[in-house]
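K.L.:
Sequence:
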Amino acid sequence: MNFPTRPHHANVPTLTEVIEFDPEGDKLLPMPVVEVSEAQLSQRILTDVQRQIDSMLEFRLRESMQPLLAQFTETLMQDLRDELSRTMRDVVTRAVAQEAAKLRNNR
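All letters in the sequence shown, in the order written, are residues 1 to 107 by this note's numbering.
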């Protein structure tokens, strides 16, 4: 089994620059205080709550409508099959009657 060899020290990058640490210069600046009016805050909260409610209602509506739509689709498909079957029977009955009339007239 071949194991990778370790690189030679000449190929390893080395740190060439030293940066001194200034403990006083690294303090965080305070965040500027942004004043928000009560009306703006109320509007922001209302918008967030409305978005959450809309999302929840859409989910619940889809969840409750899915079985109803599946049942409706199945009923509709059965009605369409029945109607198609009746129409086909009528078309075939007429075609047979027309052909029988032609055969009688040709005798």
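Please note: incorrect hints may appear among the correct ones.
[What the hints assert, rightly or not] Pair ranges (Cβ atoms, derived):
{"no.": "1", "residue 1": "M77", "residue 2": "Q98", "range": "30 to 40 Å"}
{"no.": "2", "residue 1": "E58", "residue 2": "V36", "range": "22 to 32 Å"}
{"no.": "3", "residue 1": "Q66", "residue 2": "S42", "range": "32 to 42 Å"}
{"no.": "4", "residue 1": "V49", "residue 2": "R89", "range": "33 to 43 Å"}
{"no.": "5", "residue 1": "E35", "residue 2": "L57", "range": "28 to 38 Å"}
{"no.": "6", "residue 1": "E74", "residue 2": "I45", "range": "39 to 49 Å"}
{"no.": "7", "residue 1": "V49", "residue 2": "T16", "range": "48 to 58 Å"}
{"no.": "8", "residue 1": "V18", "residue 2": "S42", "range": "49 to 59 Å"}
{"no.": "9", "residue 1": "S42", "residue 2": "A70", "range": "35 to 45 Å"}
{"no.": "10", "residue 1": "Q78", "residue 2": "E99", "range": "50 to 60 Å"}
These aren't lab readings, by the way, just hints derived from the structure by calculation.
Ideal Cβ positions, reconstructed from N, Cα and C, are used throughout, including at glycine.
K.L.:
Next step is simple, just say for each hint if it's right about the structure.
P.N.:
For each hint, the structure was consulted:
Between M77 and Q98 the C-beta distance comes to about 32 Å, which sits within the given range of 30 to 40 Å. Restraint check, E58 to V36: a C-beta distance of roughly 29 Å satisfies the suggested window 22 to 32 Å. Between Q66 and S42, the C-beta spacing of about 36 Å keeps the proposed range 32 to 42 Å intact. Distance hint check for V49 and R89: the Cβ-Cβ separation is about 59 Å, which falls outside the suggested range of 33 to 43 Å.
The given range of 28 to 38 Å is respected by E35 and L57, whose C-beta atoms sit roughly 34 Å from each other. At roughly 44 Å, the beta carbons of E74 and I45 sit within the given window of 39 to 49 Å. A C-beta distance of roughly 57 Å is found between V49 and T16, which places it inside the suggested range of 48 to 58 Å. For V18 paired with S42, a C-beta distance near 54 Å keeps the hint of 49 to 59 Å intact.
The beta-carbon spacing between S42 and A70, approximately 42 Å, falls within the hinted interval of 35 to 45 Å. Between Q78 and E99 the C-beta distance comes to about 32 Å, which lies outside the given range of 50 to 60 Å.
This entry does not satisfy hints 4, 10, going by the numbered hints stated previously.
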